[in-house]
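Chemist: Each chain, letter by letter, is given below.
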Amino acid sequence: MTGMTSATQQDPAAGAPAPMADDDAPAAPQDRFLRRFVSNRAATAGAIVLAILIVMALAAPWLSSWDPTLQDLSQAFQKPSAAHWLGTDNLGRDVLARIMYGGRYTLLIGVIAVAIAAAIGVPIGLISGYYGASVDMVIQRGADILLSFNAFLLALILVAVLGVGMQSVTIAAGIGVMPQFIRIARAEALSIRETDYVAAAVNFGSGSGRIILRHVLPNALTPVIVYATLNIGTTILVAAGLGFLGLGVQPPTPEWGSMLGEARSYIFHAPMQMTFPGLAIFLAVLSFNLMGDGLRDALDPELR
Amino acid sequence: MGAFINYCVRRLLAAIVTLLGVVAVLIFTFQVLPGDPARVIAGPMASAEAVAKIRDEMGLDRSAVTQYVEYVGKVLRGDLGTSPRTRVPVLDEIAERLPYTVALAVLGTLLGVILGVPLGVVAAVRKDRWPDTLGSIVGVAGISLPVFWTGILLIVLFAVTWKILPAGGADSPASYVLPSLTLGIFSMAIISRMTRSTMIEKLDEDYVRTVRGKGVREITATRHALRNAAIPILTVVSLQFGTLLGGAVLTEIIFSWPGIGRLLIESIQARDFPMVQGIVLIFAAMFIVVNFVTDILYTVVDPRVRLY
Amino acid sequence: MTDPLLSIRNLKVEFRSRMSTVQAVGGVDLDIYPGETVGIVGESGSGKSVTMLAAMGLLPRTARVAVSGQVLLRGQDLLQMRPRQLRQIRGRDMALIPQDPMTCLDPVLRVGVQLREALRVHQRLTRKQARARGIELLRTVGIPEPEKRHDQFPHAYSGGMRQRAMIAMGIANDPALLIADEPTTALDVTVQAQIMDVLRQAQQQTQACLALITHDLGLIAEMADRVVVMYAGCIVESGDVHTIFKRPRHPYTVGLMASLPQGGDERHPLVPIPGNPPDLGAIPGGCPFHPRCALAQGRERCSNELPLLRDVSAADAGHRSACHYFEEIHGSGQWSRLAQEQAS
Numbered sequence: 001m002t003g004m005t006s007a008t009q010q011d012p013a014a015g016a017p018a019p020m021a022d023d024d025a026p027a028a029p030q031d032r033f034l035r036r037f038v039s040n041r042a043a044t045a046g047a048i049v050l051a052i053l054i055v056m057a058l059a060a061p062w063l064s065s066w067d068p069t070l071q072d073l074s075q076a077f078q079k080p081s082a083a084h085w086l087g088t089d090n091l092g093r094d095v096l097a098r099i100m101y102g103g104r105y106t107l108l109i110g111v112i113a114v115a116i117a118a119a120i121g122v123p124i125g126l127i128s129g130y131y132g133a134s135v136d137m138v139i140q141r142g143a144d145i146l147l148s149f150n151a152f153l154l155a156l157i158l159v160a161v162l163g164v165g166m167q168s169v170t171i172a173a174g175i176g177v178m179p180q181f182i183r184i185a186r187a188e189a190l191s192i193r194e195t196d197y198v199a200a201a202v203n204f205g206s207g208s209g210r211i212i213l214r215h216v217l218p219n220a221l222t223p224v225i226v227y228a229t230l231n232i233g234t235t236i237l238v239a240a241g242l243g244f245l246g247l248g249v250q251p252p253t254p255e256w257g258s259m260l261g262e263a264r265s266y267i268f269h270a271p272m273q274m275t276f277p278g279l280a281i282f283l284a285v286l287s288f289n290l291m292g293d294g295l296r297d298a299l300d301p302e303l304r
Numbered sequence: 001m002g003a004f005i006n007y008c009v010r011r012l013l014a015a016i017v018t019l020l021g022v023v024a025v026l027i028f029t030f031q032v033l034p035g036d037p038a039r040v041i042a043g044p045m046a047s048a049e050a051v052a053k054i055r056d057e058m059g060l061d062r063s064a065v066t067q068y069v070e071y072v073g074k075v076l077r078g079d080l081g082t083s084p085r086t087r088v089p090v091l092d093e094i095a096e097r098l099p100y101t102v103a104l105a106v107l108g109t110l111l112g113v114i115l116g117v118p119l120g121v122v123a124a125v126r127k128d129r130w131p132d133t134l135g136s137i138v139g140v141a142g143i144s145l146p147v148f149w150t151g152i153l154l155i156v157l158f159a160v161t162w163k164i165l166p167a168g169g170a171d172s173p174a175s176y177v178l179p180s181l182t183l184g185i186f187s188m189a190i191i192s193r194m195t196r197s198t199m200i201e202k203l204d205e206d207y208v209r210t211v212r213g214k215g216v217r218e219i220t221a222t223r224h225a226l227r228n229a230a231i232p233i234l235t236v237v238s239l240q241f242g243t244l245l246g247g248a249v250l251t252e253i254i255f256s257w258p259g260i261g262r263l264l265i266e267s268i269q270a271r272d273f274p275m276v277q278g279i280v281l282i283f284a285a286m287f288i289v290v291n292f293v294t295d296i297l298y299t300v301v302d303p304r305v306r307l308y
Numbered sequence: 001m002t003d004p005l006l007s008i009r010n011l012k013v014e015f016r017s018r019m020s021t022v023q024a025v026g027g028v029d030l031d032i033y034p035g036e037t038v039g040i041v042g043e044s045g046s047g048k049s050v051t052m053l054a055a056m057g058l059l060p061r062t063a064r065v066a067v068s069g070q071v072l073l074r075g076q077d078l079l080q081m082r083p084r085q086l087r088q089i090r091g092r093d094m095a096l097i098p099q100d101p102m103t104c105l106d107p108v109l110r111v112g113v114q115l116r117e118a119l120r121v122h123q124r125l126t127r128k129q130a131r132a133r134g135i136e137l138l139r140t141v142g143i144p145e146p147e148k149r150h151d152q153f154p155h156a157y158s159g160g161m162r163q164r165a166m167i168a169m170g171i172a173n174d175p176a177l178l179i180a181d182e183p184t185t186a187l188d189v190t191v192q193a194q195i196m197d198v199l200r201q202a203q204q205q206t207q208a209c210l211a212l213i214t215h216d217l218g219l220i221a222e223m224a225d226r227v228v229v230m231y232a233g234c235i236v237e238s239g240d241v242h243t244i245f246k247r248p249r250h251p252y253t254v255g256l257m258a259s260l261p262q263g264g265d266e267r268h269p270l271v272p273i274p275g276n277p278p279d280l281g282a283i284p285g286g287c288p289f290h291p292r293c294a295l296a297q298g299r300e301r302c303s304n305e306l307p308l309l310r311d312v313s314a315a316d317a318g319h320r321s322a323c324h325y326f327e328e329i330h331g332s333g334q335w336s337r338l339a340q341e342q343a344s
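Chains as they are written, first to last, in our numbering: chain G, 1 to 304; chain C, 1 to 308; chain E, 1 to 344.
Some clues are possibly wrong.
What the hints assert, rightly or not - Lysine-lysine pairs mimicking DSSO-like chemistry, simulated, CA-CA at most 30 Å apart: (1) K53(C) / K74(C); (2) K148(E) / K128(E); (3) K128(E) / K127(C); (4) K163(C) / K79(G).
Because the hints were derived from the structure by calculation, they are not lab data. Treat the numbers as computed from the prediction; the structure is a model and nothing was measured.
Work out the full structure: start from the sequences and follow the hints.
Modeler: Below, the structure written as structure tokens:
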């Protein structure tokens, strides 16, 4: 058995291993997370777009000199001009102002609806997953029933009963996405229940309620937050859809969905009118989706 | 075989239980919860006698449980009540329009699968290169577009500006194009995103590397991954069918489509609770049926699933 | 002196992510001669699997993997080959028996179909012929009732059977080089011995050379002709199997040998190698082993200069060590006790 014919050389210059960094401690998880998020260009773009929309909504009174509900029929259906940057609608109202003020309603409804959904759905899901057995089965049957409809249908039914208006829409949209939160909270509770630190807490005699509050909830929070961000897009679409049907925020209050619904009557006459509310909804939902995706990728240890 | 039938029966029972639960929720929502459902249905203008008549006809003065049992009994006999608005049996109205809604949902799903799956596969195989970026953009844009806006945009483009397709109704085959396309775009976005992430996961698995080690062509390796990805993708396709049923409501309004979605909205606006109840029941039943079929299909397609 | 069948020269593999760059393999030279069994030993993360996977071109195909160097199979550089040529070689001239039989078979296809795939990629066979050959292969690796097993799905196989099926796929086309990646790691101890027999038999039948990648020194002792010891992506020692076991000349190898539980009447405490495996994203400067090496003792050369693989002695042909001070190592067990005393 002969050995290798050529002497094995390891070139000391090429491929010299990188020296160990001075700072031995690994970067704090928050820094790493932020870096990953920012390096995701799509997510950052989404965040910027959202920031613009929020600023427009909040600073509307200063950014626009027009009253969004001021009608001037002589100025109806104006094309974009120096006076009206986005033109006017069928009642002569300034479209840009209505878009900016409208952001307040649409965005607010979206966020609050998700907050409602999470506030109700997450505890239910955690309890269902943690306690298991019959509690779980009952809750799951209930969730299954709700999941038999999709979010919009569920919201539609609720609005049919609760009546129209901003409050109803918000609650309806929230209940519409709530079943998803139950499901995801339950899944988290199921896996966290099996961890060592929970077992340790049980051994120490901590009560279930305490364990859920102190161990299960904080650890389940991360995927819930990601899910919440992704679901704001859904609630906005649901609320806007209801508004479009005239079942949401009532005129003359500018809400992007109802603006789109009003514009629909004029698509043959003035097709431009439906562009901007729809575009606004699209951008808002898009930015939340991009950010939600970015959040999920940044928090996921395996970078896709 | 026995285990399979056993499983089917169990899933069927679960489906029925869920459906019964849905009915309970509906009864509660429409017949119990509102302050005076008879008044709401009759309308604010109706006389006291008219309200009383409705209350009597629909049995709204009885206890919730009685109402529930009565309703279930009627449903089993094929009677979903009568619409106080049109005086026509609810079931008849629904039966007339249901095919149109189902047609839209099916066409939308088909479009979604035909366009979405290849897009997702290509995006996964060419990950981080331009097909992937394009696919991701299409995907995230597709789910962010409001269905009702897409529909209007398509109408403005194809019916108003170019005048090559009808803007509404279901009279001609051509009229099926735009509504299906509207739903299809949304469906395609969901399916392509799911396909992409599932394929990426499967392409990463060990057996794909083993297959490459045999010296096969890259497309064979992709086929292996796709075969394994088919099962999760199937689940998503069926789930989004349910989503499309909801989206169909808005699409039907925009395109004046004679389906049950538009009927639902009209009924809600007219406070026609029996009709609303009936339609929602049908929607839920459809969704439950689709879920049931998917569960069964899953066990048939996946050789690993052993039924206990 | 025959030519090596496989010749790896200065193979480097880097994995780049957004956050860091990990050097999995840092300049490996390796020759494998026809008919021999080479054992590649190391801990997890030593780069032993990555080296052979890179040689076959089976690393994840993302932009994040950088492979450089030469891999010569019968004189042709595999790293420079066009994909079509490489595909002809894979499975035919070089075959991989991958790690973890539980996940290496496609769960939705029958085993026979997967065998048939391995065969038909490189041989012109009809379905019937492929089926017959597949059954024969299953029989060769000792799977009972091969006709029945051929048409079953992977989940009907036990772990040991799956490993045998993987071996069958590996030898299906009579390759000249078999690469077995941790063939026994995922298996029970009782099954391990059987698999080793199957491997040995398969090798004898096909006259192939075998690259045996493992962290199990017992397996090496039983099966290998030559041993290559890897640490942190580099080869730290190589040589004849008897020499390596009796007269290791690298502190890491010595540590490995010393950490083997010793049978017999006397009770010896288990001697682990102190410290932890290195973080491949931040490999220490100089010799990668020096933070854990009793021989280094803060010597400057160890922390500054990367040691090259050098011949241990003129007499010991083929025995090489990458340690600045390997001359200070004598015997085997003796030195480790010395190290123990010094450490305490």
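Chemist: Against the 30 Å threshold, does the CA-CA distance of K53(C) and K74(C) hold or violate the hint?
Modeler: Since the Cα atoms of K53(C) and K74(C) sit roughly 19 Å apart, the hinted pair holds (cutoff 30 Å).
Chemist: Does the alpha-carbon distance linking K128(E) and K127(C) stay inside the 30 Å limit?
Modeler: violated, 38 Å
Chemist: Take the C-alpha atoms of K148(E) and K128(E), compute the straight-line distance between them, and say whether it is at most 30 Å.
Modeler: holds, 15 Å
Chemist: Holds or violated: are the alpha carbons of K163(C) and K79(G) at most 30 Å from each other?
Modeler: holds, 23 Å
Going through the hint list in order, the structure does not satisfy hint 3, though it satisfies all others.
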